[in-house]
Structure formats: structure tokens, C-alpha cells
Amino acid sequence: MVCVKVNGRQETLPENYTITQLLSQKELDASYVVVQLNFEIIERSLLSETILNEGDQLEILKFLGGG
Amino acid sequence: MSKDLLTIGNSSISSRLFLGTGKIPLPKMKQVIEAAGTQVVTVALRRVDFDQREENILDFIPDGTIIMPNTSGARTAAEAIRLAHIARAGGCGDWVKIEVISDQKYLLPDNYETLKATEKLVKDGFTVLPYMSPDLMVAKSLEAVGAAAVMPLGAPIGTNRGLKLKELINIIIEECYVPVIVDAGIGRPSHAAEAMEMGASAVLLNTAIATADDAVAMARAFRLAVESGRIAYLAGMGGETSYARASSPLTGFLD
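First to last, the protein sequences are chains A and B.
Residues 1 to 67 in this note's numbering are what the first sequence spells out, letter by letter.
Residues 68 to 322 in this note's numbering are what the second sequence spells out, letter by letter.
Don't take every hint at face value.
[Unchecked claim] Covered by chain A, per the in silico footprint, the following chain B stretches (three or more residues, Cβ under 8 angstroms): (1) 79-91; (2) 110-117; (3) 136-147; (4) 152-160; (5) 171-184.
[As the list claims (entries may be wrong)] Residues from chain A shown here face chain B by an in silico Cβ test under 7 angstroms; the list is partial: (6) Pro14; (7) Ala30; (8) Gly55; (9) Ile60; (10) Lys62; (11) Phe63.
Hints are computed from structural coordinates only; laboratory data are not their basis.
Each residue gets a CB set at the ideal place from its N, CA and C atoms; glycine is no exception.
Modelling step: build the complete structure from the supplied sequences, incorporating the hints.
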């Protein structure tokens with residue numbers, strides 16, 4: 001298991017877990033969100049091959065109403 | 068009359084009413100946008116809340132609308148730059164409204180940090196529209212570093228108080244070459260018309276429509292006011308005088 005911080009919250013995930021797997025676990029559509037891993041933006045095409053490692057910080061963001 | 072288009076970056080648009088989407092219920096969004104006739108809307112970027120199932124705002128914005136993410140939440144240029152890049156990765160194009168605020172009481176923009184963020188993001192290929200306090204020298208500096216427009220506030224965000232900074236905005240309109248878009252503070256259609264009569268290129272508003280009892284009807288009211296003010300500006304308004312000037316001829320009376 002690996003410990004990863006997701007949107008500021010500590011989560012324990014299986015080994016070799018990809019960002020795509022995490023998004024589906026959270027029932028999120030990848031085309032609706034932007035993902036930043038350790039302050040680097042991860043292109044959508046790379047989400048399925050990016051594996052989460054111990055101590056990673058993941059930010060999952062989306063658009064909402066704003067002025 | 069030839070088509071009166073507003074050119075910003077690589078886009079030419081006919082609607083001079085830009086709309087912020089905050090506080091507008093999603094089921095009403097499309098109707099409000101259509102009633103406003105708007106072609107440019109702002110959105111914000113936030114962390115996904117895993118405890119809440121939320122719909123995607125982009126599904127409620129009509130195709131062809133220019134989406135301008137803002138950098139709200141940024142307190143420094145670095146944070147605004149980071150947010151802008153994340154927004155662009157979200158696939159909404161390269162427009163960005165720079166909003167750098169560290170004053171939580173009046174939500175006034177930090178012009179210095181805004182200028183730094185604008186300069187960097189222009190270099191990074193964004194179409195940058197900075198929200199700013201109406202200061203001529205800052206507006207000229209923003210223009211010099213490549214801002215696509217400048218967006219001075221009329222009054223603090225969400226106050227609906229109108230063009231409290233009118234004199235300063237007027238000077239910016241007079242002295243800047245880039246479009247001047249009055250952002251924030253516009254509370255009534257008459258305020259929007261006044262900004263357009265002054266020669267503003269467009270207005271950006273949100274709260275005045277979003278918090279109206281009937282947001283769709285208010286969107287239409289603002290659309291008409293913006294069009295009206297724009298036509299009046301182009302028509303060239305008559306000057307003011309201190310004394311009466313007869314509208315009817317003063318000769319040829321009956322005995």
C-alpha cells in the first residue's frame with residue numbers, strides 16, 4: 001500500500017495504482033478535471049500511465065461558477 | 068451600419084456583456100446566458116469535493132461561448148500563473164482573467180502582483196484580461212506588457228454600487244489603446260448603460276444578474292442596457308450646458 005495526499009487528504013491506495021484508477025474510484029470523468037501531481041500538471045493522455053507513489057501530492061481540480 | 072465588433076486576442080465578438088457564472092444555479096445557466104446574449108463567460112477553478120456529487124458546469128454553457136477561467140483564490144502572481152496553466156490544461160482555451168486578491172474585506176485587486184502575472188502569462192501565450200484597480204499608470208503598464216484588455220472595477224465585487232470610480236475609469240478609457248472592460252460593482256442596467264455611454268468596450272458582471280429574483284429577465288435587461296449604451300456612445304451624445312436651449316423654434320409665433 002502507498003500513502004498519497006489527495007486534495008489535502010491522506011489516502012491509502014494499492015501499489016501500482018494509476019491516476020485513472022483513482023479517478024474512477026472517485027467516480028470522476030477525466031475530461032472534467034485537471035490533475036496536478038507534485039505541482040506538475042499531468043496531461044490527460046498520461047493519466048492512465050501515471051502511477052502514484054508513496055508521499056505523492058495530488059490535486060484534482062474542476063471548473064465551477066465564478067465571476 | 069457595419070457590424071460593431073469587439074476584438075480581443077484572436078476573437079471578434081458582437082456581445083459587449085461578459086457574464087460571471089458564480090451563484091447562478093446550473094439548471095438556469097443556459098437560459099441566463101442566452102437571455103444575456105453573452106459570448107464570454109467566466110468560470111473559477113477549485114478542488115473537487117469528493118463528499119458531494121457535482122455536475123460539470125461546462126455542460127451548461129452553450130457551445131461556441133468563450134470560456135474565460137479566472138484566477139480567483141490567487142494571492143500572489145505565482146499562484147495566479149499556476150492557476151492559469153491548470154485552467155488551460157482543462158481545455159477551455161487560452162483566455163484568462165487575472166484576479167489577484169489578498170484583501171478579504173473589499174476584495175480589491177493587487178495591481179502589482181496582477182502586472183507581474185500578466186507579463187508572464189502573455190509570454191506563455193495566454194490572452195490575458197487583468198482585473199485591476201483603476202490606476203492609469205498600471206493600465207498603461209498592463210497594456211505595454213501585452214494585456215488583451217484591462218478590466219478596472221467600478222466598485223468592490225458584489226456590492227452592486229455602480230461606477231463609484233467613474234472619473235478614473237474615464238481617464239483609462241481615454242488614454243489606453245486596449246479595450247477597457249468595466250468589471251465588478253455594476254448593480255443595475257443603468258450602471259451598465261452608463262459605462263457603455265462613457266466608451267467602455269464591454270462590461271463584466273455577475274452578482275447583479277445571479278442574485279436577481281428573476282435572473283433570466285435581469286439578464287435580458289442588462290443586454291438591452293449594454294446595447295443601448297453602446298449605440299448612444301457611437302451616436303455621439305449632445306453636450307451639457309448651464310442654460311436652457313429651446314428645442315422648438317423661438318420665431319414665428321401667432322399674434
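A quick look at each hint next to the structure:
no. : hint    : verdict
1   : 79-91   : holds (count 5)
2   : 110-117 : holds (count 7)
3   : 136-147 : holds (count 3)
4   : 152-160 : holds (count 7)
5   : 171-184 : violated (count 0)
6   : Pro14   : 18 angstroms, violated
7   : Ala30   : 11 angstroms, violated
8   : Gly55   : 19 angstroms, violated
9   : Ile60   : 5 angstroms, holds
10  : Lys62   : 5 angstroms, holds
11  : Phe63   : 4 angstroms, holds
The structure is inconsistent with the numbered hints 5, 6, 7 and 8, although it conforms to all the rest.
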